[in-house]
Every structure is written in structure tokens, then in C-alpha cells.
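Asks: Given next are the chains, with one letter for each unit.
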Amino acid sequence: MFSFLSYNAQSVLFSTFLLGMAAGVIGSFAYWKRQSLMSDALSHAALPGVVLGFTILGEKNLFVMIIGAAITALLGAFLIQWIRSSSRVKEDAAMGIVLSVFFGLGIMLLTFANRMPGGNQSGLDSFIFGQAASMVSKDVWTMMTVAIIVLLLTVLLFKEWKIFLFDPSFAKGLGISTAGMNVLYMATLVLVIVVGIQAVGVILMAALLIIPSVSARYWTESFKIMVLLSALFGGASGMIGTFLSTIGKGWPTGPFIVVTAASVFLISLFLGSKKGLAVVFFQQKKQRKSMELVKMTREVEQ
Amino acid sequence: MSYAGWILLTASLVGLSCGLIGVLLILRRMAMMADAISHTVLLGIVCAYLITRELTGIHMLIGAVIAGLITAIVIQWLHTRGVQQEASIGIVFTTLFAIGVILIATKVGNAHLDVKHTLMGEITFIPWERVEVPLLGSIPEAVVLLTAVLVVVLFVIIAFYKEWKITSFDPALAASLGIPVILMHYLFMSLVSLTTVAAFDAVGAIMVVAMLITPAAAAYLWTDRLSFLFLLSSIFGILSAFIGYYMAVWLDTSISGAMAFSTGIIFMISFLGSPKYGVLAKFISRRKPNQRTYKIS
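Protein chains in written order, with our numbering: chain A, 6 to 307; chain B, 20 to 316.
So here's chain B without its partners, still in its complex pose:
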């Protein structure tokens, strides 16, 4: 496959898995939690690197999932101790992220990790770092990683589809039905961390947030059905990957930045023009009832 093809495939895989996870984030009102985890994953990666001295696949994944879970647990614990949810998110992720940045800037700075890379991603290098895969030949490592994570995400979502539906829409009902709500919560947090770390290399910590939240929020403006939400959100994710890539090539600028920006464009179009919940549709329907009452009287 060509150079651009690999980049587009990587970006689409990011858009796809982030889009799927994002739907559950929006429904569970945990968008800022995703922001927090996408930052603390950095500390997980740095710690995994300090321990194993390796920057490859499985170590990073384990480190990131542990960091993500610790973030979720500490935020929850501070919240039960009386700190506002928002404030406890703000304290925990900034602190852990700052520790990660300090570790990179002072100790491992000259190694393969660097701060700019983790923030903005280096999708342009992805096609060069290849591994040999049986049957398929040489494939970029990131593509293998992202595909594996996508399979896990798809499997967990489909296998527990009903449970996700009930726990997201009505946690109280879910608890009364005997669904382990808390376990599901932490399972979900692990999924978020997994997706984030896999996407990290490609688009960086902050653009991951755009890919996670924005396509799903845009899809949320078009439909009420959960299955359509998943479908639309993944389509929007892939679409913004493509738009972002071509915009970046056209303007000769950062690919990940352009991808984040194009999720914003898709959201703005949905926000204004969605026939169901868009601003224009609401504006029109607000005027309609008046006309109707006028006709009746």
C-alpha cells in the first residue's frame, strides 16, 4: 500500500475505535473523564518505559490501562471525599500529566520519548515503523496495534450490548437487574485507556479527545437509536480522518491538528443543520406552531 494509504488507514482506524467508544462517553456524560484519561495515559507510558526500557506495544498498553484506571479510581475517591466532580478531575489529570511531562523533560528526554510527539502525534512516521505479520507481510506497527484494539473494543461492545445500553441510559435499573454497574464502569475506563493509548502514537493526547468526543456528539444530534449512534459516530470518525488528511496535505500543516479541526467542522454542520436536533430545525419548528394556531383560529 502507498504511503498516504497507510496514513489514511491508520487515521481511519483511530476514527473508528474512538467513534465507537465516544458514543458511550457521551451517553454516560463522561466526556471530561476521557480528557483526563487521555492526559494521564502519558504518565503510564513514561512509567512503563522507565521500568522496561522499551517503547513497544504491550508494555505501553499495560502501563496506559493501569494509569487510566488509577485516574478513574482517584477521581472517584476524591469525589466521595467531598471534592466537586469537576474539580477532582481537574486536579488529578493535571497533576499526573505534569509528572509525566517532568519525567520526560528531565530524565528520559533524550530517549525516544519527547513531549511534542506525545501531544501532537507523529502520524507521518507511522508507515516507516513496520513489523512482519504472517500472511499479510510487512505492516506498520501502529496499524497492527490499532486493529487489535478495535477488535477488542468491538468485541466488548457487541458482547455486552444490552448491558451497555441499560447501564448508560438507566444505571439504577441496571443495578436492580443485577448488572455489575461498577465493574462495567471500570471495564469501560479500561477500554477508554486502551483506545487512547493506541491512538496516541498517531494523533497525540489532545487530538484523541477530539476524536473521542466530537464525532459521537455530532451523531447524538442526528439519531436516538443506539445502534445508529454507533454507526454514525464511526462514519463521522472515519470521515474526519479523511477530511483532516487531505486538508493537511492541501495546506501543508499538522495532520493530527487538521483531523481534530475537521471533527469540529462535522460537529458544527450537525449542530446547525441536523433535521432532528439542529439549531435551524429548531428555529423552523418554533415558528411552525404559531402558523398552525393562526390557521385554526
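Next up, chain A with everything else stripped away, as it sits in the complex:
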């Protein structure tokens, strides 16, 4: 597949595939925790960290930027939690506040960084919409490693994740630390977001977490298969979207990944075997028919 592409392009495609898989998996956890928009807030909150990481070092080093992004994203998560728990402001407003204020701070810092020597060429702007073309092989390796770690964590601890998500009190009874699982969940969520922003961008990263998991819901009732499908959809969207964005020069990657994921969602919404519109339509038709049959027999009996 894609053998006509250069080695570099192939490895970028493969890394966005892995990233999409990891995002799909963590996204379905977030879906069950009803925290889909939390990922949106966190990815916006990562922007000031990315730029700070650049400013401190004076050059683009993905590892330092990831650490910066993780710090501000976690700070954002902490603030949302704090505002929600100790004031009358509701969670959605708290997320909106953190999202927009952190993003504003990020834009402020970005203006500084762009004035620094070398700042303008470093492609800091590409962190907003994602630019897979700007990734060098070191970035590709970082992204792959993180994605593989996240995927391994899910596979190895799958039973724990499942119990933690569906029955936290049972998990406690089994001796699984829910606080520990919460930390692990937050850590993996933030990790996936911060490695993903270079390819997908801070604004649209949340979509890669949300859309595949919701699409997967239309095909299955089983959690395990849902996670698997979500990973598959996410991976496919990541890879196809990246490929599409390389067709034109300077096209941003993120939007193409999101539109690919959205197409998968639309197909699932209409044709999904569990709750898809077509299935529901035929079920209702069948029901109506059987109702009519019952009515007719009753009339005949009378």
C-alpha cells in the first residue's frame, strides 16, 4: 500500500495511523466517562505549553514542547475541576473558560515566539491546524512510541479499564485503585492530545478523540468491539486524512483527518448495524406491519 510514496511519507502515514488508533481507544474511554468535550478544552489548553516549550529552548524540539503542552493541559484540567467543585459555575462554562483563556494566552505567546529569531520558520503556526508535512523523522518516532505505549496500556489493562469505566464501586471492591486509574486515564488522555497536536492541531484534536468512538457505537453493543472499532476508525481517519492533505501544497492536515472521520461517522449513522438509521427504519416498518396484522386478526375474530 502507498508504495509510490517516499519512505518518509510512508512513516508519517503509519505514525498518524497509530496516533488515530490511540486516539480512538482513549476517545471511547472519554465517551463512557461523558467527558468528550474535556478533550477539546485540554487540547486548546496545550497551546501555551507548546509555545513556551519553544520559547524556553529557542528551537523546535518536539520532546520539550510535549512536556510544556502536557503541563499546561494538566493545569487546565486541574482548573476545570477546581472551578466546578468549588464554585457555582457549571462544568461546561468552566471548560469554555479554560479553553478560550488558555488559547488566548497561547496566541499572545505565539506572537512573541514569532518575533524570536527562527521563530517564524519553525512552523509554530502549524500546531494550530496540524501540518504532517512539517514532521521530521524524530517527531514521527516520538509520536509512534507514545501511541504504542498508550495502545499497550489499554491491551494489558483492558479488564481494569472496563471495570473502572462501568462500575467504579465494584472496581474498589476488587482492590483496583480508582484514584490511580483516574490518574492513568488523565495521563493517557493528555499524552495522546499532546503528541497529536502536531499532526492534527490544537483546535481539531478533540474530533479525533470524539468522532471515531461515537461512530463505533453504531455497530456494536460490546465494549471490547467498540474500542477495537473505534481504534480502527481513528487509525483509518488519521492515515487517509494525512494522505489527502499531502495532495495539495501547504494544506493543513487536521481538517482533512476530521472530515475523513466525519465521513466514517455519517456511514455509521446511516448504515450502522445496531442503531443506524436504516436499521431503525426497517425495524419500525416491521413493527408497524406486525401491529397491523394483529389488528386485522382481531377484526376478523370479532
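Bear in mind the hints are in silico, worked out from the structure with no lab data behind them.
Backbone N, C-alpha and C define an ideal beta-carbon position, used for all residues, glycine too.
Relax, there's no trap hidden among the hints.
Beta-carbon label-pair distances, calculated as ranges:
1. R93/A to F179/B: 21 to 31 Å
2. G253/A to F179/B: 40 to 50 Å
3. S174/A to I254/B: 38 to 48 Å
4. F287/A to L69/B: 34 to 44 Å
Take the given structure of chain A and dock chain B to it, following the hints.
Replies: Then chain B, alone, in the frame of chain A:
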């Protein structure tokens, strides 16, 4: 008026109309809906541009209101089909926003629209793009647009003040009183879209969210009365516009970013120091009852 004066006036108008709308957003718990609409408005503007090939006032407004309403309707429809509210917001706005960005990046990219502009706004260019207004002379186009939207917002809020109050605090009661709750909902969504698109040019898609949600959330920590909420929220909106502008001039940085950041400062001050619902006040009042019981016993 001077260059800085026009910028401050524009930013204050943004703060004022966003602050007013924000109060209803907070009370109706629709903060993230505002986030969604502020993103999809971009697609509305792009489509309006593709159809009319013009980037001025009324086309943009119509396109944005249509996009905002479609967003609200699709989110609602997905929600009734069993998708979690949060997830359906997340799907709809990211997708529509992505389509908008792709259209800009591929098709109309070399025209007047560009992605960075729509995200961060270009308030520094606003004083240059002027139109002639009878009696007042030459005035920046954005100021005219924002004033018009502010008048509409004020009119709709004041004319239906009682209805907004009841539908926001007790939708069930409102429905039983015969107030058209759903119609009010979509009227409100149109107002949000109008405000967003008017503010778009000045502060960009994401900073609009800061102006919409944060001053109102800060005001919500100071008072319980709806009229005071509107008043305080608009004051906070204007205040953050001023603080943001001077901070940006002082640090030589993005004005819209600094404005968003200063809404955050005002919120943090309210969150910590508000005498009614602030963290410090709560901390003190938590210690007081203990002392009292100690005295009684």
C-alpha cells in the same frame, strides 16, 4: 477619533454584546454550544462568500445565522437519536469547522479570507476599513456592524425580558405558561450567531468564546439578580477589552489574545475574591460556624 480610540470602541462593543448574551448562555448551561457556534460561523461566512463573492456585512450575517441555526438543529437531532449531548456538540462543530478550513485553504485561500485572520481576528485593521454614515461621517465598518448587532441584542433581551427569565430558570414552568420555549431557544441561537459573527472580525472565532462565557461566569459569582448579572457582565466585558488592549500595547502582542487572557484574570479575581460565592469567602464562612458553636457551648 484616534486610532486607539476606534480599537477600544470596537473592543468595548464586542465586550458589551458578548457580555449580555453570555449571561443567558451561562444560565441556560449552553456555554459549549457557544463554543460550537463560534466555530461553525466560519463555514457560514465561507459559504456566503462562495455564493456572493462578497465579504461585507449583510451576506456574512445571513450566512452565519444560517450556519449557527443548522449547528443547533443538527446537535439537537443527533442528541435525540441517542448520541450524548457533549459528543454530538463535539462531532458537529469540529466537522463543520474542518470543512470551512478546508474550503479556505484550498479554494478561496488567495482571496480575502485567510485562516489565521478568522481565528485571531484583525482588530488592528478595523480603523482603516471605513464607510460613510450620514450625520456621523466616516466610521469603521466593524463599529457600524457591532452597533447594529448590539441594538438588536438589547432590543430582543429587553422586549422579552420576562420570557428570558422564565425560560432560563424554569423551562417547564415556561412551557406550562404557554411561552414558546423551542422558538425562544432558536431565537437565542440566532442571537448567539449574530453576536459571534459581528465580533468575529475583531477578535476571531476562539476569543469570541472567551468574551461570551468568561465575563458572564465571573458576574455569576457576584450576584443572583438577573438585571445585575446583565449589568456586571457587560461591565466585565468592557473592562477586559480595555485591560486587554493596554496589556497588548504594553507587551507588544496580539490584542485579541490579550483580551481573552484578561477575561480570565477578571474571572480568577471573582472566583477567588467574590464576597458571595468566592473561594476565600467560602473558606472563611466554613470556619465561622465552628467558632459560633464554640461560643454557644
